[in-house]
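Undergrad: What follows is the residue order along each chain.
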Amino acid sequence: MEFLGITLPSYGWPTIAGSAISGVFLGSIYALVALGLTLIYGVLHIINFAHGALLMLAMYAVYFLWSTFGIDPYLAMLIVVPGGFFFGYGLQRFVIGKASHGRDEIILLVTLGVSIVIENAALFFFSATERSVRVPYDLDGIDLGVTWAVYPELAALGGSFLITLALWVFMSRTDTGKAIRAVAKERQGAQLMGINVEHIFAVTFGIGVACVAAAASLLVPTYAVHPQIGSLFVLIAFTVVVLGGMGSFVGALVGGFLIGITEQLGRLYLGESLGVITISVIFILVLLFRPTGLFGAKS
Amino acid sequence: MGPLRVSRKWRAAMLKLKNLQAGYGQMKVLHGVDLTISDGEIVALLGSNGAGKSTLNNNLSGVYKPTGGQILFEGQDITGMRSESVVDLGIVQVPEGRRIFPNMSIRENLELGSYRRGKERRTENIDKVVAIFPRLKERFGQLAGTLSGGEQQMLAIGRAMMSEPRLLILDEPSLGLSPLLVEEMFSLIQSLNKEGLSIFLVEQNVMQSLEIADRAYVMENGSVVLSGAAADLIDDPDLKKSYLGL
Ligand SMILES: Nc1ncnc2c1ncn2[C@@H]1O[C@H](COP(=O)(O)OP(=O)(O)OP(=O)(O)O)[C@@H](O)[C@H]1O
Ligand SMILES: [Mg+2]
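Heads up: the sequence lines are chains A and B, in that order.
If you read the first sequence in my numbering, its first letter stands for residue 1, the second for the next number, and so on.
If you read the second sequence in my numbering, its first letter stands for residue 1, the second for the next number, and so on.
It is worth saying that the hints were derived from the structure and are not from the lab.
Watch out, some of these pointers could steer you wrong.
[Stated by the list, open to error] Cβ-to-Cβ under 7 Å is the rule here; a few derived chain A residues that face chain B: (1) N120; (2) G189; (3) G194.
For each residue, glycine too, the CB sits at the ideal point set by N, CA and C.
Construct all of the structure, not just a fragment, from the sequences and the given hints.
TA: Following this line, the structure appears as structure tokens:
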């Protein structure tokens with residue numbers, strides 16, 4: 001087989017399936033990061049440029065909870081997810097919202113500014129050194145037949161699934177969830193019903209950051225932490241959001257898995273560095289044929 | 001009708017605007033409006049496009065902050081109060097263009113109408129609203145954005161009713177409705193009023209509004225140019241001159 005003049009290696013079906021399955025695991029984390037991004041976009045109508053930096057910050061939090069207090073990275077979720085929510089709430093309500101005076105183009109710049117501050121602070125305080133958590137079970141796992149899935153991979157998939165489900169129930173069943181959906185489409189109508197729009201914005205931002213914090217917990221057992229790790233993930237998450245359709249929940253999930261699988265198969269066939277471009281290729285193809293993304297509303 | 005109208009004049013003032021000024025940034029829109037709504041009244045605010053009617057409503061509802069003057073509700077100064085607190089007091093606006101939640105079902109739209117009231121009397125109030133608007137009941141699970149214009153207006157009013165208002169502000173409720181529906185809308189407003197709800201009716205539909213209103217104000221370029229009992233205004237030559245350009 002040839003692709004762009006490169007002779008592709010031929011693999012047996014178990015290798016391909018194994019690669020695809022590990023793409024599913026990776027994709028579930030992408031989905032989680034993208035879910036926060038797409039939620040914030042859907043309600044505040046801005047791209048949160050600080051998303052990656054916040055992911056990095058949350059990963060450091062998980063790392064230090066482990067290295068200082070010996071807290072298991074998964075258990076750390078109980079701390080970093082609420083912590084992430086309150087941090088995100090405060091960040092939106094008292095920094096981003098206050099500094100931007102409701103003007104979208106300024107919000108964008110403020111989130112960019114926040115991300116630069118966080119990344120440089122991380123570089124200053126934590127240095128560029130990669131840090132990894134070692135959990136005793138990180139190489140154990142179960143046999144899926146075609147491939148072997150380690151516990152961190154299974155936790156990523158299971159954790160993402162549960163968090164998405166919880167978020168869906170929250171958005172469709174609670175008053176606050178409904179208010180978020182209302183504010184997303186009709187700010188002034190919501191305000192006239194007595195919904196505090198600034199509060200809802202901040203709650204939304206908080207949930208977005210909480211998703212990122214959950215993703216951080218799920219990532220740390222398999223990914224080393226360094227100040228640049230956020231940019232790597234957020235670029236992919238942004239691709240997922242556009243691919244799935246801006247603001248679409250289902251789109252973030254399907255997009256996450258699609259990108260995860262594509263990336264792993266790309267790696268398998270084209271190697272570590274070239275494999276990643278398959279994401280961009282898929283991205284451009286989708287935008288050519290479906291500019292609103294896979295699940296985006298046609299406007 | 002006569003004695004009733006006279007007795008209403010003696011009711012306590014519910015809402016009082018004193019020299020209310022408002023605008024957008026540098027642009028002044030309201031140049032000192034004085035207006036009173038008494039408990040149990042229907043008060044109409046008439047005026048052509050751009051007169052500042054919606055600006056007045058949104059300054060009342062806390063969407064924008066007035067730049068001068070005072071808003072008093074039952075004696076309490078509520079000038080510049082946040083929207084949540086305004087709704088808590090029982091002042092609810094059905095905005096121009098309805099502003100329903102198009103991506104949500106009719107049930108969810110109604111539920112959010114009682115966002116500030118909580119779940120306590122929610123089911124009860126939904127029952128009351130669908131008794132007034134049976135058409136909403138038939139489409140309970142349907143997305144609000146798929147409703148017809150008339151149905152959306154009913155939903156917008158129903159949603160506002162869910163917050164158990166005492167003063168209902170209606171911004172051009174007849175806009176875009178067929179003549180038959182306009183008729184229906186005005187008699188609905190009348191029957192809501194008969195149940196004790198005070199109504200501030202912002203309209204361009206002059207004659208029909210005056211027929212159901214107790215009193216009316218006519219606004220031009222951000223100032224009240226004419227006011228009085230609706231029955232008197234119907235025959236007022238000044239109204240015809242200033243508003244209808246006759
Ligand atoms: N959000 C806004 N920002 C800036 N200017 C506004 C805004 N809303 C209204 N205006 C301006 O304020 C003036 C009064 O508008 P307003 O909407 O209050 O008039 P109106 O009486 O409600 O008119 P209509 O009958 O057409 O609804 C207009 O000149 C309008 O252009
Ligand atoms: Mg108007």
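Undergrad: Next, verify each hint and record whether it holds.
TA: The hints, checked one at a time:
1. Look at A:N120: its Cβ only gets to about 36 Å from chain B, farther than 7 Å, so that hint breaks.
2. Of the supplied interface hints, the one on A:G189 holds, with its beta-carbon coming within about 3 Å of a beta-carbon of chain B, less than 7 Å.
3. The interface hint given for A:G194 holds, since its Cβ lies 3 Å from the closest Cβ of chain B, which is under the 7 Å cut-off.
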